[in-house]
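Participant: What follows is the residue order along each chain.
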Amino acid sequence: MTPTSTPPPRGIDPQALLAIRDLELRARVVVEGLWSGLHRSPYSGFSVEFTEYRQYSPGDDLRHLDWKVAARTDREFIKKYEEETNLRCLFLVDTSRSMLFGSRGWTKADYARTLAATFALFLHQQRDVIGLAMFADEITDYIPPRFRPGHFRRLVAALDREPSGRDTRLGHALEQAALLTRKRSLIFILSDFLSPVAEWEAALGHLTAARHDVRVVQVLDPAERTLEFGTAANWEDMETGRQLYVDPQQARAGYLEKFNAHQTEVAAAFDQRGVAHQVVTTDQPLDFALLELIQPRGAARRFATRRIQR
Amino acid sequence: MNFLSPWFLAGFALIAGPIIAHLIRRVTRERQQFSAMRFLSESPPRLSKRSRIQHPLLLLLRCLIVAVLAAGFARPFLRQDVPLVLQPGAPQSVVALLDDSASMRRTGLWPAARQKISDLAASLKEGDQFVLFATSGAELVSRERWLQTPAPDRANFVKSVLAAREPGWGPTQLDTAVETAVLQWEQMAEATDSAARKKLVIVSDLAAGTRVAGLAGLTWPKNCEVVLEQLKPGQPGNAGLQWLGWAPDVSAAAASGDPFPPKAVARVRVVQSAAAPASPLRLRLRDARTGRDLAPPQAVTVPAGDALVALVPVPGSAPDGPLRLDLEGDAEPFDNTLWLVRPAPRALTLAYYGADSADDLKHARFYLERATAGWKDPVVKVRAVTEGLSPVATAASTGASADPKSQGADPATAAARSGAGATEKSASEFSVVAAPLTTDAARALRARLAAGEFAVVLLNDPAMVATAAELAGEAGWAPAAAARADALLGSVDLRHPLFAPFADPRFSNFTAVRFWKPQPVALPIGTKAVVAARFDDGTPAVLEVPVGKGRLVVWGGDWSTAAGQWVISTKFVPWLQALFERAAGGAVRPAVAEVGDTARLVTAGPAQWRSALDSTATLANTAPVQPGVYELNEAGTTLLVAVQAPAAESNVAPLPLDDLEKLGVPLRAPTPGALAAGEAPKPAAGTQTAVVLEGRQKLWRWLLAGAAVLLAFESLFSYLIARREAVPVPAAATSS
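Chains as they are written, first to last, in this note's numbering: chain S, 146 to 455; chain F, 4 to 739.
The hints are simulated quantities; they were obtained by calculation from the structure and are not laboratory data. These numbers were taken from a predicted model, which means no experiment stands behind them. Glycine included, C-beta positions come from ideal geometry on N, C-alpha and C. It is possible that some hints are incorrect.
[Claimed, not checked] Example chain S residues on the side facing chain F (calculated, C-beta under 10 Å, incomplete):
1) L245
2) K253
3) L365
4) E402
5) H407
Pulled out of the complex, with its shape left as it was, chain S reads as follows (with noise of 0.2 Å):
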């Protein structure tokens, strides 16, 4: 769970991959990587395969009677499609003004974008349906879960875009997400969380009451983790724009003690709902955070038997 504070051997540097202009060649270089790092995809199961057939009740669409079927057997039976059987996946992105925070050269928002683009497009490989929604204070942009051509490069033209930089209001955009997301999806949440717990967690609930499948990648910077960083000076709040004197020495303190409140806060959120919870921090390589998003372990294992399962 906890990010690795060295960086392992095989890592992409998030520096070099960051340095990448093009958001889109950025996560084809991780998820090569990633494929040539994974021996047995833990998403096999998603195959596109026919699946099953139902008996055909009145009102179902004639287009997918199985016509040799019932020319044989005079019965009719509908056929289910394949892109019934494939994963609908959301990734909620957030743009607010916190996420534009970097103590390393680099935001949190663009790690978040990269992260996601890198997901989809390991998910677009697989050919699953994928779509995003952006949020600040609301959703921004939204492209709906598709499987055409052209469809992950209009992912990434939106991933790229500059965020907005608004307010988090992350409860409303959630409820946005639940009532835009009809069908069952996985949905994955790219935020740092940094607001309190009560004012998503209602909204959390209405996504994991909808069985969508959530998962949450809780994106830091270091200098959140431990605030090793700054001087003293009238620090500023980046969405509310409050100011006071911190120093960093003097506050490190009562600050850990806060944050660590809130993280513990947060994951007790996330377990008592079964959402899946990574925290990653933008020192660590993106290949290794995707790593360890696509091998459930802990509560995403629960997550990922129960998908085996269904």
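Please arrange chain F on chain S, whose structure you already have, making use of the hints.
Facilitator: Just chain F now, with coordinates in the frame of chain S:
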């Protein structure tokens, strides 16, 4: 360590500025953006560090800069640097300068000066060297004579030398005298111990008229000091007379109702010093030789510290000899007399050889008369000469009517001139030959030329070349054909006296003067003629031939508008005047000089002077040393010169000692008692000494330089500290 301006030391209080600045905790103005501010609480100010001084080294540097600047402005000096107390046994090289200028003739100055010198001589030790100079340059006591005299007799010897001495009439040229003193030191140093203390004692009234400008460039030897003994006169003020000149117009003075119109009007300036008592002044004009009053005294009122220009008319009844103008009512008589010599304009007769009318525009006489009219010196009178012209010329100008007056006067003068006595009057006649002469006339003219006269021959006809050759006394002159009818002066020898007035590039353009009837001359080989100008085809245009003492100028053409533009050009009159002045004996010279400045009147050769007031005086080779009227005999000419007392001597206000300090004189305050060795200076002289010491040491320069160096270090440290504390800029708001 002492300070000249100690009040600047209050600047040390400014050191508090940097200290306070370093004590104040710097309020940060940096801003830092952060995302998780929700978990941060405001940090309390660091109270515990409030009293701590930030960057003590930087603070030290800044305090040092302020302190050094304040110390520099306070102008420090080291008193122990210069030994003010003489070593009792150390030998001294003392040069005393005794002012013997005209202003020392004031009441009480000369005895006081003699006493000062005597005291100084008496105070010297046996091993000391002593030289006494007068500012006029005379060596009163030489070093050798001092050393030869037994030590006990030296003071008496100096006293006896001074007893026979009176102040002169010259100006105070202190700079020259001090230069002499410095040279004397060098000689003393060569002869004896070079490390001896050098002392220059100047005994003078140090009036404002003293010339000190030359001290600026003087290199003072090491280990020397100058002691000024400024003498105080018995009478505080002085009034003086200064010569300005003769008024150009006598009509203003003539309008005063005088039945005898004045011969001339003298312009004099009456100066009154600021300290003078208010007393009525009178100007009295007298005959210089007999002392007889020529006019009633003229009262003048001059406010103290002011000057007034007075006009003194010389009555028509006054004799022609030198005059004197006295100022009465002033207690100091040395500058109260002016000697007056009236200008004597030189008369020069222009003998025009030609039968042309004075009103005929086609001939040179018309232009000559107009060009020479109104000259002050020489005063030219034109006389037409028709005798001796060859018949051809006379016949050619049948229409010309000769001037009856000049014709009538001519025979007698011509006869007198042709005689052997022509030498006496030779300098008073100038001949212009515009028509061919008979052989006899040419011979007679040539004789006068040989005696020193000048003549111009105008080649207005090819036949004139023969006349020119005859006058020059050379054979082989022939008229040459001009290459073109329209000629210019192609080359002009501006070094030749004929054209020297045009040597300035502003005036040396002769291309605007055209000649339509040039008459060049073909000269034989070995001629004495000097070509002063040539036409543009290379043929001679203007020649000068020395004939005995005189000169013959040959002009290749006529002087008329028909022959060219020369006579109507702007160069004609200056050229003519320069030539006439040469003929009259040179340029006009001033006939007034001051004592000590008479050498500029001597232009050539050895000069001899003789007093014009004393009939028994004999010619002497030495320049006059006192005011009066003198005859200057030089190269056969006699010039009457009025020699005045120097005008600068009338300015008896004390010379500001600051001026001497600015000129770099290593002054020591005048301390009458301290002339003897081993005495400390009086406290009253302390300020003066401090100024001198500080001016010589100039420690403030070092302090300012030190402040500059410290400032450079301070800048460097500040930069380093600022760089060390530079905040790594967060990557907020940067997009990938």
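Participant: Quick one: which hint numbers does this structure break? Sort them smallest to largest.
Facilitator: none
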